[in-house]
Amino acid sequence: MAAGGQAIEKQLKICGYKSNEDVLALYLARQGLRSIPSLSQFRRLRHLWINDNKIQDLTFLIKNYSLTELYLNNNELTDVSGALKHLCSLRILFLHNNELKRLGKTVKELKGMISLKTLNLFQNPLAYDPDYRLYVIYSLPSVQLLDRKLVTPRERESALHLCNPKRAWVMQSIAFGRRVDTSLGPTVGSSRCTQPARGPIMPSGHEFGNSTNKVPFEDPEDAVLVRAMTRSLMEFSSVDWNKVATCQERQLKDEAEEPLEKLTVQFR
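Numbering follows UniProt numbering, with no gaps: position 64 of the sequence shown is 64.
In case anyone wonders, no lab produced these hints; they're calculated from the structure.
Every residue, glycine too, gets a C-beta built ideally from N, C-alpha and C.
This list has only true hints and no planted wrong ones.
The list that follows gives simulated cross-link-like pairs (lysine-lysine, DSS-like), each with its CA atoms no further than 30 Å apart:
id	residue 1	residue 2
1	K13	K54
2	K149	K111
3	K85	K149
4	K85	K63
5	K149	K101
6	K105	K117
7	K117	K63
8	K63	K13
9	K85	K166
10	K105	K166
11	K18	K63
12	K63	K101
13	K54	K108
14	K101	K54
15	K108	K63
16	K149	K105
17	K149	K54
18	K85	K108
19	K111	K54
20	K111	K85
21	K166	K117
22	K101	K85
23	K149	K166
24	K85	K54
25	K105	K63
Restraint ranges, calculated between C-beta atoms of paired labels, are given here:
id	residue 1	residue 2	range
26	K85	Q144	18 to 24 Å
27	E9	P141	36 to 42 Å
28	P141	Y17	33 to 39 Å
29	Y17	R154	42 to 48 Å
30	E69	G32	18 to 24 Å
Go ahead and model the full structure; you've got the sequences and the hints to work with.
If you want it as structure tokens, here you go:
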């Protein structure tokens with residue numbers, strides 16, 4: 001029996017599991033393992049420690065959909081593509097101190113983990129990317145603790161400006177019930193996420209509210225942006241009804257009425 005299989009059998013005996021259905025946690029850390037046989041027989045497996053080994057391949061996990069905690073740190077992983085995307089229930093994932101180099105490819109594999117709260121990716125080559133932390137925060141919004149450090153609201157805002165400046169501009173323009181004067185200048189270091197930001201290019205002859213004059217935009221996204229902004233306009237007006245004359249009072253008065261004071265509030 002291979003070393004991986006022997007390590008599994010040893011743990012099953014230590015924990016006293018009587019059947020594979022009883023296995024909810026499996027500790028295989030620090031065994032010097034280079035490979036592990038399929039764990040598909042443990043369908044209810046929730047917690048798995050494989051840290052501090054020499055693992056390079058994760059195909060043994062393709063059937064373990066119930067995992068909520070997975071510790072893969074301190075191994076020799078160079079790629080996780082196709083091995084983790086099915087783990088939608090995962091809440092904790094440790095991948096630090098491996099050999100993961102491709103940031104975009106790695107993050108793409110983790111995007112389906114909508115329950116992921118804690119993620120470690122430090123001490124991988126990909127972590128030296130200058131936009132690394134903000135890119136991960138933007139791409140994986142459920143993560144609250146990244147590399148042992150809490151994700152702050154300011155970091156989320158910075159991540160949005162970096163990776164989706166146009167959306168950030170729209171959100172600013174309708175924030176707090178008022179129009180905010182924001183410019184869409186080029187964003188430094190935004191090449192990984194999007195092209196530099198720009199304002200919507202209005203086609204010549206375009207008029208708001210004129211249904212008969214619809215000149216197409218050069219970029220369809222600009223049309224969506226302008227439409228969202230115009231729809232977000234709101235206006236409230238009010239008057240002091242105690243100062244409004246009744247019908248009888250109007251008949252008794254000969255002089256012209258003074259115009260009513262109307263308070264109008266308009267915001268986006």
